[in-house]
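Generate the whole structure from the sequences, applying the supplied hints.
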Amino acid sequence: NAGVTQTPKFRILKIGQSMTLQCAQDMNHNYMYWYRQDPGMGLKLIYYSVGAGITDKGEVPNGYNVSRSTTEDFPLRLELAAPSQTSVYFCASSYLTGNQPQHFGDGTRLSIL
Amino acid sequence: GQNIDQPTEMTATEGAIVQINCTYQTSGFNGLFWYQQHAGEAPTFLSYNVLDGLEEKGRFSSFLSRSKGYSYLLLKELQMKDSASYLCAVRMKTSYDKVIFGPGTSLSVIP
Chain A
353 NAGVTQTPKF RILKIGQSMT LQCAQDMNHN YMYWYRQDPG MGLKLIYYSV GAGITDKGEV
413 PNGYNVSRST TEDFPLRLEL AAPSQTSVYF CASSYLTGNQ PQHFGDGTRL SIL
Chain B
12 GQNIDQPTEM TATEGAIVQI NCTYQTSGFN GLFWYQQHAG EAPTFLSYNV LDGLEEKGRF
72 SSFLSRSKGY SYLLLKELQM KDSASYLCAV RMKTSYDKVI FGPGTSLSVI P
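Read top to bottom, the protein sequences are chains A and B. For the first sequence, this note's numbering begins at 353 and goes up steadily by one. For the second sequence, this note's numbering begins at 12 and goes up steadily by one.
None of these hints come from the bench; they were simulated from the model. Some hints here could point you the wrong way.
To be verified - When the alpha-carbon atoms are kept at most 25 Å apart in a straight line, the in silico PhoX-like pairs for lysine-lysine are as follows:
hint: 1; chain 1: B; residue 1: Lys-87; chain 2: A; residue 2: Lys-396
hint: 2; chain 1: A; residue 1: Lys-409; chain 2: B; residue 2: Lys-104
hint: 3; chain 1: A; residue 1: Lys-396; chain 2: A; residue 2: Lys-366
hint: 4; chain 1: B; residue 1: Lys-79; chain 2: B; residue 2: Lys-104
hint: 5; chain 1: A; residue 1: Lys-409; chain 2: B; residue 2: Lys-79
Unchecked claim - Covered, in the sense of this in silico footprint (three residues per stretch, anywhere, with C-beta under 8 Å from a C-beta of chain A), are these stretches of chain B:
hint: 6; region: 48 to 57
hint: 7; region: 105 to 118
This one's a predicted model, so the numbers in the text were calculated from it and none came from an experiment. Just so you know, even glycine gets a beta-carbon here, dropped at the ideal spot from N, CA and C.
Take a look at the structure:
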């Protein structure tokens with residue numbers, strides 16, 4: 353059982369480049385989330401999705417875009433990368449409600465130079 | 012608005028008990044989670060509270076007071092491997108449920 357899979361694990365981008373961070377889960381979870389975590393800080397919610405075709409902004413959505421065409425996949429797109437987007441990005445998924453916790457991927461470590 | 016607050020750092024001695032506090036001000040509260048995160052790793056689930064009171068799970072317990080917007084995580088019989096960050100997260104009931112994290116508390120366990 354793979355759980356939540358994120359690719360790539362590491363990436364270095366130049367300022368102004370674009371890229372897509374991939375996230376896939378095989379647990380048939382409704383909810384999926386993207387967070388970023390800066391050094392020594394907590395997780396900030398970028399975007400989340402409650403099911404295929406439904407997404408909503410989190411705390412820090414500027415500079416990012418998402419789509420959810422299937423239950424399994426929730427890619428995060430960075431357009432015109434900036435140094436402020438250097439961070440560790442975590443994808444998570446969970447069932448709809450109640451005491452169901454989030455399951456996290458291993459993270460993508462992204463540096464913008 | 013929304014705000015979740017935790018102490019930045021704590022230090023405790025191996026074998027002792029430590030309490031990590033979390034205060035929150037959010038709209039539409041729908042549950043509170045505690046996660047553990049070791050350096051360089053992803054967060055892992057520890058506990059969940061939605062009703063007032065204490066939830067016990069082995070060496071870890073979590074308490075919630077909804078009226079006070081307050082929770083704590085209690086770690087007993089501390090071990091060196093408990094050195095990690097502890098993240099408080101609130102599920103908010105807005106148009107859709109979403110989960111917001113606090114800044115995390117870095118716990119160092121010393122011999």
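Evaluation of the provided hints:
| no. | hint | in the structure |
| --- | --- | --- |
| 1 | B/Lys-87 with A/Lys-396 | violated, 29 Å |
| 2 | A/Lys-409 with B/Lys-104 | holds, 14 Å |
| 3 | A/Lys-396 with A/Lys-366 | holds, 23 Å |
| 4 | B/Lys-79 with B/Lys-104 | holds, 18 Å |
| 5 | A/Lys-409 with B/Lys-79 | violated, 28 Å |
| 6 | 48 to 57 | holds (count 5) |
| 7 | 105 to 118 | holds (count 11) |
This entry does not satisfy hints 1, 5, going by the numbered hints stated previously.
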